[in-house]
Structures are given as structure tokens and as C-alpha cells.
Amino acid sequence: MDKRNDADLEKMKQIAASGNDEPLLMLNLNRYIVGEYPNGENYTKWRKVNKQMLDTSEGKLLFVLPVRGQRLLNGISEQLDEIIGFWYPSHQSFLNMTSLDLFKRNGELRNQIIDWAAVYRCDPSDLAKLTQY
Amino acid sequence: MSILSTDMNDVINMADRAIMEEIAKTDDHPVLMINQNLYTEKADFPNGELYKKWRATNQKMIKFVNAKILWSIPVKGQIMHNGNGQPLSEILAYWYPSHQAFLDMKDAPDLEENFTIRKELIKYAIIHRCDGRNSPTLPKS
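Chains A and B are the protein sequences, given in the same order.
Heads up, the first sequence is in our numbering, so the first residue is 1 and it goes up one at a time.
Heads up, the second sequence is in our numbering, so the first residue is 1 and it goes up one at a time.
The set of hints was computed from the structure by calculation and includes no laboratory data.
Backbone N, C-alpha and C fix where the C-beta goes; we use that ideal spot for every residue, glycine too.
Take the hints with a grain of salt, since some may be wrong.
[What the hints assert, rightly or not] As a list, the in silico DSS-like pairs of lysine-lysine whose alpha-carbon atoms are at most 30 Å apart: (1) LYS68(B) - LYS60(A); (2) LYS76(B) - LYS13(A); (3) LYS123(B) - LYS53(B); (4) LYS3(A) - LYS123(B); (5) LYS76(B) - LYS48(A); (6) LYS76(B) - LYS104(A); (7) LYS11(A) - LYS42(B); (8) LYS63(B) - LYS42(B).
[To be verified] Some residues of chain A that are not near chain B, with every Cβ distance over 10 Å (derived): (9) ASN5; (10) ALA16; (11) MET26; (12) ASN42; (13) LYS45; (14) SER93; (15) ASP101; (16) LEU109.
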């Protein structure tokens, strides 16, 4: 089950209230329950609800990267199925999204499909270097 | 599935290397390597001398095969996890023009130094292999 990091949430609230709020990149690293990815019923439902949630908020889906393998490891390494990048114009916009009914539904569906996951809060200032090849 | 590298050094996944060699022979195309790194205190990320030395060496190594770093993103926190959480310092995306180009990096003059520095620099790392034809792009607005 997804576990929220309350200490990190508090940092986000502080940034949002600081007067210097800034864009936010959330990198989702997901491994799904066997049979769900990429065509399972609940995975498909989750992606649909996730899109509705983003459309209702100010967030954008930046990219979805299917993971094909693990090339190198150093320490305990969790294998992944997918890496998803979400962009928000501010920390407050992310916090606003968490009050939507769709956010709750999104979480319910995630708990039916996720085997392992981590969501990293990142500095998107380097996003300008993103390039299409 | 979790895999443990018991000596806490970089371990190359030889099974994945075999898959890459097969792709290079049959249906070669760009490959994207997503690097998740947690640095040591000695690295003093992002301004330490060791970190800067590694980035300079790493840049020379990948240039040998015409690869590029698409982005390097400092990690500020972890808002959620499902399973054991893993702190990270940085996530980097490396783009290679082909699987063969990645494999050819074994002949790069800076390869050995790159991995020597990593022994002091890396506390935890994993590299995920992704399809390089689907490289991330900027949002439209």
C-alpha cells in the first residue's frame, strides 16, 4: 500500500507558503503486480483516472518510459516496469490536487496494481535541457 | 523483484548485456539509460571535487560513443513509497544512439577511471534500460 511521507509533505507546504513557490517534477518509479502491466484491467483504469485527475488539476504528464531491463546495480535494487514524469507549475498546485475526489480514486486504483513504487520530488530546473531526438 | 549486490560495488547485469548484444545484432535502435544515484558524503553532491571530477570523466567517456546526458535532476525528497523506500541524490538520463554504441563504451579510454571514481562516489545506484526512441520531451506550454 502507498505510504505518504508526512515529513516531505510538510516541506512541500512550507515551499508553497514561502512566497518563492516553484515548479515541481514528480518522478514515479513503478513495478506492477504480475498481469497488470501494460494491458491489465486495473492498470488501464488507473491510467484513465490518472489522466482525468491531471486534466482537472494543473499537472502535466511529461513522459512515460517502459523499463526494459536493469543494466547495473549497486546495493538493493528494485526492478521496475515503468518510469513516469509528472510536472506541476508549483508545489501548491500539487497540494491542491490532493483535495480532489479523483486523487482519492487514483490512490485506490494504485493500491490494486502496485507491487513496489517510489515517488521522488525533484528540482525541474534542468528540464530545459530535455531534448527530442 | 529485489536484487542485492552484496559487495556494495557496481555490478554489471550480464543477462541484460546479452539482451543488448542481441538487440544490437538484430534490431538496433537508440537506448535510454536512467541512472538513479545516491552519493557518499565524500562526494559532497553537487559541488564536491569528487563529484565534479566524476562528471567530467563521465562526460568524456560517453562522448566516445556519441552519447548525451538528456537531463540530470537533483532529488529533493520522496513524497511516497510502496515497499522499502530508497533515498536518492540524483536521477540522470543518458541517451545512446544505439545499443551497439553503449556496448562500444567498453573501449572508451576514460571507462576505467569512471568506475574507479564511482567506488568512492556511489553509495547506492541502479541503471534502468529504456527505449531511446521514446525520449522525454518538454511540455507544450
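Going through the hints against the structure:
1. For the given pair, LYS68(B) sits about 25 Å from LYS60(A) by alpha-carbon distance, which is consistent with the 30 Å threshold.
2. At most 30 Å may separate the alpha-carbon atoms for a hinted pair to count; LYS76(B) and LYS13(A) meet this at roughly 14 Å.
3. Straight-line distance between C-alpha atoms of LYS123(B) and LYS53(B) comes to about 17 Å, which keeps the hinted pair within the 30 Å bound.
4. Restraint check for LYS3(A) and LYS123(B): the C-alpha separation of about 24 Å stays at or below 30 Å, so the hint holds.
5. Restraint check for LYS76(B) and LYS48(A): satisfied, since their Cα atoms lie roughly 28 Å apart, inside the 30 Å limit.
6. A threshold of 30 Å between alpha carbons decides the hint, and for LYS76(B) with LYS104(A) the separation of about 24 Å falls inside it, so the pair holds.
7. Restraint check for LYS11(A) and LYS42(B): satisfied, since their Cα atoms lie roughly 26 Å apart, inside the 30 Å limit.
8. For the proposed pair LYS63(B) and LYS42(B), the alpha carbon gap of about 26 Å is at most 30 Å, so the pair holds.
9. With a minimum CB-CB distance of about 6 Å to chain B, ASN5(A) fails to clear the 10 Å threshold, and the non-interface call is violated.
10. Every beta carbon of chain B lies more than 10 Å from that of ALA16(A), the smallest distance being close to 13 Å; the non-interface claim holds.
11. Not every CB of chain B is more than 10 Å from the CB of MET26(A) (nearest about 7 Å), against its label as outside the interface.
12. The beta carbon of ASN42(A) is kept farther than 10 Å from every beta carbon of chain B, the shortest such distance being approximately 15 Å.
13. For LYS45(A), the condition that its CB be more than 10 Å from all CB atoms of chain B holds, with the nearest at approximately 18 Å.
14. Every Cβ of chain B is farther than 10 Å from the Cβ of SER93(A); the closest lies at roughly 13 Å, confirming the non-interface assignment.
15. For ASP101(A), the non-interface assignment is confirmed: its Cβ lies about 19 Å from the closest Cβ of chain B, beyond the 10 Å cut-off.
16. For LEU109(A), the condition that its CB be more than 10 Å from all CB atoms of chain B holds, with the nearest at approximately 13 Å.
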